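**Student:** Sequence:
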Amino acid sequence: MNPSLESPTLRLITIPVSHYCEKARWALDRLQVDYVEEAHAPLFSRLATWQLGAGAQVPVLVTQTEVVADSTRILQYSDHVFASEHKLYPNDPDLRREVEELEELFDTRLGVSLRCWVYFHLLPRKDLTLKMWCEGTPTLEQRLSRTLFPLTRQLITQALDVNAESETTAFSETKNIFEMVNQRLSDGRRYLVGNTFTAADLTFAALAAPVLMPKEYGVTLFEFEELPPEMAVQVAKLQAMPAAAYALRLFREERHNVQPTSANLAGG
236 MNPSLESPTL
246 RLITIPVSHY
256 CEKARWALDR
266 LQVDYVEEAH
276 APLFSRLATW
286 QLGAGAQVPV
296 LVTQTEVVAD
306 STRILQYSDH
316 VFASEHKLYP
326 NDPDLRREVE
336 ELEELFDTRL
346 GVSLRCWVYF
356 HLLPRKDLTL
366 KMWCEGTPTL
376 EQRLSRTLFP
386 LTRQLITQAL
396 DVNAESETTA
406 FSETKNIFEM
416 VNQRLSDGRR
426 YLVGNTFTAA
436 DLTFAALAAP
446 VLMPKEYGVT
456 LFEFEELPPE
466 MAVQVAKLQA
476 MPAAAYALRL
486 FREERHNVQP
496 TSANLAGG
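For the sequence shown, counting from 1, position 59 maps to 294 in my numbering; every step adds exactly one.
Derived by calculation from the structure, the hints in this document are not laboratory data.
Quantities reported herein were computed from a predicted structural model and do not represent experimental measurements.
Please note that a few of the clues may not be correct.
Dumping the calculated DSS-like pairs for lysine-lysine here, alpha-carbon to alpha-carbon at most 30 Å [claimed, not checked]:
1) K366 <-> K472
2) K410 <-> K361
3) K410 <-> K450
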């Protein structure tokens with residue numbers, strides 16, 4: 236029996252639009268874990284995580300006995316603790332190792348690079364950035380985010396080293412990862428490792444989502460027509476790749492094909 240059906244509801248602390256938070260949300264939904272999403276805007280998410288001793292990053296999963304920070308740790312923890320027929324990591328040691336290596340690659344290269352690249356293009360657009368940050372967050376945080384926007388933008392620019400040079404490097408890195416996935420899929424396989432959907436597939440799709448804008452994403456993303464023109468040109472190049480079609484198929488076929496027992500968004 237799924238332990239989540241017998242346990243008090245868990246909390247998932249997020250910045251809802253974050254692709255790393257989408258990774259955790261998707262995994263919990265797939266494993267049918269009973270949880271409530273506690274949504275925060277940037278800066279305010281840090282207040283929530285610091286109080287738990289979980290540092291400054293989201294997502295953070297709060298259970299009755301543990302505070303699990305980092306999306307990959309949340310996947311590994313949940314896959315181990317919550318019994319499910321939809322496991323994310325293979326039992327075969329060699330296949331599991333391959334999944335974990337790809338997951339680490341996507342986490343440290345794709346996710347980081349794409350975040351930097353998207354922020355470079357969107358931070359100058361206050362309207363679009365606030366829309367991206369604030370969906371599902373408490374009303375007070377939405378109001379304060381508008382007031383504090385110059386400070387938040389400066390802090391994020393510094394923390395993520397967002398500048399013209401890093402933008403070029405970040406897009407090149409993103410394109411390289413897409414091309415690597417293209418090559419891996421070129422033999423006709425449906426999934427990256429083995430014959431089933433795993434954490435490797437989930438991680439690539441979730442972390443690529445900011446340039447794919449799938450309708451099945453956990454919250455509403457921006458529309459292609461809203462993007463700055465120079466960003467839209469590069470997004471279109473990525474969307475034309477086989478890796479993009481593969482990720483969008485995963486969202487269509489895998490994102491909501493397992494009904495979660497609960498996945499409420501706690502805003503205010």
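**Student:** List in ascending order the numbers of the hints, as given earlier, that are violated by the structure.
**Tutor:** Violated hints: none; all satisfied.
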